[in-house]
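Colleague: One-letter residues, chain by chain:
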Amino acid sequence: MIDLSINFGGIKAPNPFWLASAPPTNSGYQIMKAFEAGWGGAVWKTLGVPVVNVSSRYGSVNYRNTKMMGFNNIELITDRPLADNLREIEEVKKYFPDHAIIASLMVESRAEWEQIIKDVENAGADGIELNFGCPHGMCERGMGSAVGQNPEVLKTIVGWVKEAANIPVITKLTPNVSEIVVPGLAAFQGGTDSISLINTIKSIVGIDLETYAPYPIVDGKGTNGGYCGPAVKPIAMNMLKDLAQHPEIGKVPLSGIGGIETWRDVVEFILLGATSVQVCTAVMHYGFGIVREMEAGLIQFMEDKGYNTIYDFAGKALPNVTEWKHLNLKHKVVAEINPDKCIGCELCYISCDDGAHQAISLSDDPLNRIPSIIEENCVGCNLCSLVCPVEDCITMVQKDDGTEHTTWNERTLNDDIPVTFDDDRAGGKGHYVPKPTDALKSKR
Amino acid sequence: MAEYKKPTTEAEFNKNFKQKNPLMNDTEAYYEASRCLFCYDAPCIQACPTSIDIPLFIKQIHTDNVTGASKTIFDSNWLGNACGIVCPTGVLCEGACVYNHQDVPPIQIGRLQNYATNKTIDADKVIFKVGEPTGKKIAIIGAGPAGIACACEARTLGYEVDIFEAKEKPSGLTVYGIAPYKITNEEVLKEVDYLQKQLDFKIKYNTKINSKEELSSLEKKYDAIFMGVGLGKTRELGLEGENKENVIGAVEFVEELRMKHHKLKVPKNVVILGGGNTAMDAASEVARMGARKTVLAYRNSKEKMGAYGFEYDLAISAGVDSLFNVTPIAIKGDKKVEGVRFAKTEMVDGKLKTNINNTFIVRCDMVIMATGQAKQGHLYDLIDDLEIDEKTRIKTNDEFQTSNPKYFAGGDAINGGAEVVNAAYDGKMAAQGIHQWLTK
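Protein chains in written order, with the numbering used here: chain U, 1 to 444; chain G, 1 to 440.
Since the hints were made in silico from the structure, they are not lab data.
Values in this document were obtained by computation on a predicted structure and should not be read as measured data.
Heads up, some of the hints might be wrong.
Stated by the list, open to error - The calculated BS3-like cross-link candidates involving lysine-lysine, where the alpha carbons are at most 27 Å apart (straight line), are: (1) G:K119 to U:K67; (2) G:K244 to G:K332; (3) G:K202 to G:K190; (4) G:K169 to G:K15; (5) G:K351 to G:K293; (6) G:K190 to U:K341; (7) G:K71 to G:K129; (8) U:K330 to U:K241; (9) U:K67 to G:K15.
What the hints assert, rightly or not - Now the in silico label distances, taken between C-beta atoms and shown as ranges: (10) U:F313 to G:A123: 54 to 60 Å; (11) G:L438 to U:G220: 54 to 60 Å; (12) G:E28 to U:Y95: 43 to 49 Å; (13) G:G131 to U:D354: 33 to 39 Å; (14) G:A123 to U:V181: 29 to 35 Å.
Ideal placement from N, C-alpha and C gives every residue a C-beta, glycine not left out.
In isolation and in its complexed conformation, chain G is listed as follows (with noise of 0.2 Å):
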C-alpha cells in the first residue's frame, strides 16, 4: 500500500500522480509490436467500440510507418491519442486480446495506440484533408469528446463547423473529469489543438448555451446541431447536512484539481461516497494529495460496484480504506463538516434495506459525493420535440438523430455517462448522421 506525502510543489505533485500508462520508447514500441499475433477478424477490433484496426496500426509500427499507424487510427478514432491512454484497455481491446487465453500478458494496445499518435501529434504531420466544402454548416454544443469528434468528421465531410463551450478548455471530461495519473492536461489539448489546425473548426469558449433566444437562433443559422452536452453538476441527494462547508461533488472535486493541482487543499481525513469509478479516481486522488485516511463508502456490497475491477485496486493501492454495506443518513458538523453517519445495509429479498438502528459515525473533514451527475434537463426543456427517456437521456435512432430531426446528439447525453471511446464514436457516428439527412 502506497504512502503519499503531500504535494507542495508540481513536481512534488507530478510524483504523487505518476502517469499510469507512462510512453513507450522506440525500442519498447517495436518489442512489443512484433509480438501481435495478427489474428484473423481481430477480437481486439470486436472489442473497441470505435472498431480501429488494432492488427494493422501494430504491424505498421513495428515496420516503422508510424503516420500509417495514426492514420489508421484516427481513421477510426478522431480522439485516438487520448484513447490510447484513457481508455479502460483491460475490459475492451487488451480484456479480449488472444493471449489472455493462453495466460501471456496481453498486447500493450493502449500504450501502442499513444506511441504512435502521439509521434505523429508532436511531428504536426498532416494527415487529415478538409472535404469538398458542401455550403452548409454545422453548430455543435459542447466541446468534449463527442463535440471534438464530430467537428472533426463534419469537416472532413465538407461542413463548417462551430462548438460553443461552456468553458474555457476544450475536451470535457477529458481535461476536467479524468484522474491526473491517466492523462495529463498537455497531452488532452495537444491533440485537439493538432486537429483544430488541419481541420479548422472553431471553438467558442465561455459560451454557455442556455435559452431559447440562443438555441433558436442556432437553429436559424444551422442546417444541423449536435449535442455534445454531456452531464451535469453532481446531483443531490436529499442527506441531512448536504450543503455544509466541504461537501463537494466528485466531478467538482476531480476539475478543481485538475486546474489546481498541488495547490489545491485537502484535509486529513475524508470520506468518498459511491461505488463507481468516479468514486475510484476521487479517492485514488484523495489519497495521493496526501490525506492522512481516505474512506470510501459505498452502499451494497464489494460484488455489486459499478467501478471496474481494477479502478477499485487501483484506489485500494494507493491506501484507500473501503467500507461496504453503509449509507449515509445525515453529515455532521457544525458549520464545516466533521463526520458522517451511517447506516448498514443488506440484501433481503434481492432489495438493498437500510438498518437505521445499526448506525455509525466515521470523522472527517471533507466529504466528496460520487453519486452520480445530473442531466442537462432544464436544456432539453428549451428545444421543441425533444424526447428524453425516463433518466432523462436524449432519445437517438441509429443515425443519432433525435426527435427534432434538425438535432444530432452523442455521448454522455444519450448513454448517461460512459467513456471516452463511447462519446469518440458517438460524435464521428452523427456526423455521418448529419451528412446522410442533409445529402437525402
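Chain U extracted, bound-state conformation (with noise of 0.2 Å):
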C-alpha cells in the first residue's frame, strides 16, 4: 500500500507536495483551493514588515516553442496586513488539519522575530520557513539574501528563532553564493530543524530591444530579479546533492525547490536526498491542477519499483553521484547509428565535425544521408545522441570488458599522474585529428 505522507522534520503532511512561499499562496483563498487540488502542504508568502510592490514584476525566458522555460520576479514579500494573513492561516487550517501550513518569515531585529514567530503560532502554523533568500529589494534592506549569504548573521538568526519557536524551522537559503556548504552548515550550527533550497537566482532574463531596459519594465527601467522554473533546476539539484551529502548538513530534512514541475523532477529531487518539495513556476504557468500529474507519476513510479513510501527511496542516487577523481578511467562507449531509424538529418555528422571530435563521417553517395562513426574517433562524448531528434536512433555502446578499473585517484595515488599526452584511448595519441587547412576543402 503507497503512503505519500510525511514527516519532515517535525512538520506532517499528507503529501510531500508543497507550494514554495511565492504568488501562488498569497492568499487563504489560493492555498484553500491548492490543497481542495491535491496539494500536501503550502508555505505562506512570507510575512514581515510592510512593503510597497512595483507594478511589472514578472520576465520570462521562452525557448523555442515552450513559454516561461525560465522564469524572473521583482515582486516582494506580502503587501496584504499581517493580520489578514493570520486570520486566514487559522481558517485555513480549521478546514484542513491534516495539511501542512508553514509560514514564512522574514524581519529584522531579534524582538521582531520573536514577535512575529508567536503570532504564527497562535494562528496554528505548523512549521516557520525562515526567508534567508529573496535576491532583490528585501536584501537592500538588510534581509533576505544579505542574510542567507552572511554564515555569521544567518547562524544568528537561526539561533534566535529556534529559542523563541515551539514549532519546527525551516531555513531557506539562496544559490547566490558560491558555496552552499556554507550556509548550510551555518543554520545547521544555528539548529535549523530542516532546510529548503533553493530560493530564487539573480538574473537578468533579456533586454527590450526597442527601450535597452531590462524585463521585467517598470517605466523604462528594470532590475535584476529572481531566476526560477525549468532552467534552474540543474543548478538546484547540484546544491541539493552538496548539502545532503554532507555529513553534518545532510543530517536534516531538506525540502527540494527549483523547477520542479513533473513527477519525474519529483522523482529526481527525492533521489537526490529531498523529502519534500516546494513548486511555485509550475503552478504559475499551469495552476494548481498541476499536481494531479505529479502525484499519478510518482505513485505509478513507486508501483513499478515497489516502494510504499518516499522514504524507501529518498537519496537513492547519492552514492552514485561522485567527484570527477573517482570515476572508472577504463570504461570506453562508442556512439552507434542505427540505420533504420536515421532520418538523415545530418545534426549528428555536423555537431560532431565542428562541435566535438570529428568522430562521424558522411556518405561519398550524396543520396544515402545516414552519417558513420568513425569508431577510432570516437571519444564517447555522448554529443551526437544528445542532438539527434530521433527516439534511441544513437546508442552509446559499451566497448570495454568492465574488467579494468581505474581513476585518477588510484593514479594519483599510485605516483601514476602522466607527463606526456600519450594516452592510448580515444582523444588521447592516435586520435586523428584534420589538418588545419582541411577546413577549407568543400565537402558537401
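Starting from the two chains in their separate frames, assemble the complex, guided by the hints.
Modeller: Written as C-alpha cells, this is what we have:
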C-alpha cells in the first residue's frame, strides 16, 4: 500500500507536494484551492515588515515553442496586512487540519522575530520557514539574501528563532553564493530543524530591443530579478546534492525547490535526498491542477519499483554522484547509429565535426544521408546522441569488458600521473585530427 | 466529396475557391518554425529549384527577423512570395523534409515562406538595391515569372531593363493560368508591384512582339534580349468537331476564370480531356463553379498521368469523376457541343492502342481540352540563327544563352512547361549569364 504522507522535520503532511512561498500562496483563498486540488502543504507567502511593490513584476525566457522555460520576478514579500494573513492561516487550518501550513517569515530585529513567531504559532501554523533568500529589494534593506550570504548572521538569527519557536523551523537558502555548504552548515549549527533550497537566482531574463531596458520593465527601467522555473532545476539539484552528501547537514531533512514541474522532477529531487518538494513556477504557469500529474506519476513510479513510502528511495542516487577523480578511466562507450531509424538530418555529423571530435563521416553518395561513426575517433562524448531528433536512433555502446577499473584518484595515489600526452584511448594518442587547411576543402 | 453550389457573387466564388494554402498568423508561424531541425546540408535546399536557404529563413522567422527571412528568400528567388504559395512543395522542399522519414508531418515550408514575404511586401520594406549603372540595356519579352526574375536580377547588376508584355497584367501564368484556389490575383500583382517599386524596371503592357521589324528594333536598341515568352494557345488535336461552340482550351478557360470569377458561365455537364496538372486544375475549377457533372478523361491509365498525385486527389475531392484508358474520337453536337465519343484504349506491347470497335458517348455541354499548349514557333522563326529542339523548345547553354548570342531564354519556352519556380530560377540565372557575356 503506497503511503505518500511525510513527516518533514516535525511537520506532517499527507504528501510531499508543497507550494513554495510565492504568489500562489498569497491568500487563504489560493491555499484552500490548492489543498482541494491535491497539494499536501503550502509555505505561506513571506510575512514580515510592510512593503511597497512595483507594477510589472515578472519576466520570462521562452525557448523554441516553450513559454516560461525560465522565469523571474521582482516582487517583494506579502503586501497584505499581517492580521489578514494570520486570520486566514487560522481559517485554512480549520478546514484542512492535516495539511501543512508553513509560515515564511522575514523580519530584522530579534524582537520582531520573536513577535512574529508568536503570532504565527497562535494562528496555528505547523512550521516556520526563514526566508534568507530573496535576492531583490529585501536584501537592499538587509534582509533576505543579505542574511543568506552572511553565515554568521544567518547562524545567529536561526539561533534566535529556535530559542523562540515551539514549532519546527525550516531555513530557506539562497543559491547566490559560491559554496552552498557554507550557509547550509551555518543553518545546521544554528540548530535549524530542516533546510529548503533553492531560492531564486539573481538574473536578467532579457533586454527590450526598443527601449534597451531589462525585463520586467518598470517605467523604462528594470532590475535583477529572481530566476526560477525549469531552467534552474540542474543548479538546484546540484546544490541539494551538496547538502545531502554533507556529513552534518545531511542529517536534517531537505526540501527541494527549483524548476519542479513533473513527476520525474519530483522523483529526481527525492533520489538526491529531498523529502518534500516545493513548487511555484509550474503553478504560476498551469494552475494548481498540475499536481495531479505529479501525484499520479509518483505513485506509478513507486508501484513499478515496489516502494511504499518516499523514504524507501529518498537519497538513492547520492552514492552514484561522486567526484570526477573517482570515475572509471577504463570505461569506454562509442556511438552507434541505427540506419533503420536515421532520418538523415545529419545534425550528428555537423555537431561532431564542428562542435566535438570529428568522429562522424558522411557517405560519398549524396543520396545516402546516413552518417557513419569513425569508431577509432569516437571519444564517447554523447553529443551526437543528444542532438539526434529520433528516439533511440543513436545509442552509446559499451566497448570495454568491464573488468578494468582505474580512477584519477588511484593513479594519483600510485604516483602514476602522466607526464606526456600519450594516452592510448580515443582523444589521446592516435586520435585523428584533420589538418587546419582541411577546413577549406568543400565537402558538401 | 465536396458539392459546390454555383457561385453567383464574388463572396460565393471565394468560398468555393477557398485558398489551399492560407496565410499563417504569427503564432502558427512561430510554432511551425520552432519545429525545424536545421539539418546539415539540408535536403529541402537541395530539393528547391532555386536553392533557397530554407533552414536559415525558418530560423529567422522563429527569431522574429521576418525582414531577414524575406531577404534570404528573395536572394534566391525573386518570386519568393508566389512560389511559397503555388510551388508543388509536396514534391519539392516539403517532400524532402527529413520528418517524412519519421512519419512526422514535414515542416510547412511553403506557408512559412509566404508568411515572411507577405509581411515584408505588405510593410513595403525596402530590401533591394539597384546596381551601379553599367550603361547597358536589356529587353525582356514576356512579363511572366522568368521575365520578372530576369528583370530584377539585371537591375541589381546595374542594367536598364524594359519588359514587353502582350497582355495587360504582369506575371504570366501566375496570374492567368494557375487555379484560383492556389493564389489570388492580388497576391501575385502586389509582389510584382513591390519588386518593381524598388528595382525600377519598366513593363510595357499590351505590347506583343510579333514581327521581324519589332525584333530588329529591339536588337538595335538593347545590348541583350531575354525571351521569357512561355507557351502559346492550347494545341489543336485535329479532332472531328473540335471547332464547335463550347470547346475551349484549358489555358484559355483558366484565364477567363481568373479574370471573370463568378461571372464566367460554366454549363452543367463538362468533359475535360487530359491527364496533366492543367487538366486537374481545370477539372477542379469546373466542379467548384458548380457544374453538376465534371468528367476527367485521360487516354492512358491513372498511373501514367503526368499530374502530381496530390493534384488528382484535389480534383477528386472537389467532386470530379474520372475515366481512364479512353481517347476522344469525335466531338458531337449540332452547332454546340452535345457530347464526346470516346474509344477504349489499352496497352499492347508497351504501346497504347485505340480499340475503334469499342466506343461510347459521354453527353456534355462543354469540352475543355487540356492536351498541351502550342509553342511560340512563329516567333522563333523570326530570329536569325535561333536553334530549337525537336519539341520546338529554344535551345540554350548553361548560361541560358541561345545560339544567337544576343538572345537569352528561360522558363516554359526552354523547358516546354514546368513550374513557376523553374522559370524564376531560369530568369535570374539568365540575367547573370547576360552580365557575364556583356562584361567578357
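Colleague: Starting from the range 54 to 60 Å, see whether the pair G:L438 and U:G220 falls in it by beta-carbon distance.
Modeller: holds (56 Å)
Colleague: In this structure, is the beta-carbon distance linking G:G131 and U:D354 contained in 33 to 39 Å?
Modeller: 35 Å Cβ-Cβ, so the 33 to 39 Å window holds.
Colleague: Run the distance test for G:K202 versus G:K190: straight-line Cα separation, threshold 27 Å.
Modeller: Holds, at about 16 Å.
Colleague: Given the hint that U:K67 pairs with G:K15, test it: the Cα-Cα distance must not exceed 27 Å.
Modeller: violated (36 Å)
Colleague: Is U:K330 within 27 Å of U:K241, Cα to Cα?
Modeller: holds (26 Å)
Colleague: Can the restraint linking G:K119 and U:K67 be considered satisfied, given a maximum Cα separation of 27 Å?
Modeller: The hint holds at about 24 Å.
Colleague: Would you mind confirming whether the straight-line C-alpha gap from G:K190 to U:K341 stays at or under 27 Å?
Modeller: Violated: G:K190 and U:K341 sit about 44 Å apart, past 27 Å.
Colleague: Hey, G:K71 versus G:K129, does the alpha-carbon distance stay inside 27 Å?
Modeller: holds (12 Å)
Colleague: Please test the hint of 43 to 49 Å on the beta carbon pair from G:E28 and U:Y95.
Modeller: holds (45 Å)
Colleague: In this structure, is the beta-carbon distance linking G:A123 and U:V181 contained in 29 to 35 Å?
Modeller: With Cβ atoms ~56 Å apart, the hint is violated.
Colleague: Would the pair G:K169 and G:K15 pass a check requiring their Cα atoms to be no farther apart than 27 Å?
Modeller: Cα-Cα ~25 Å, so holds.
Colleague: Between the alpha carbons of G:K351 and G:K293, is the straight-line distance 27 Å or under?
Modeller: The hint is violated at about 31 Å.
Checked against the numbered hints above, the structure violates hints 5, 6, 9, 14; every other hint is satisfied.
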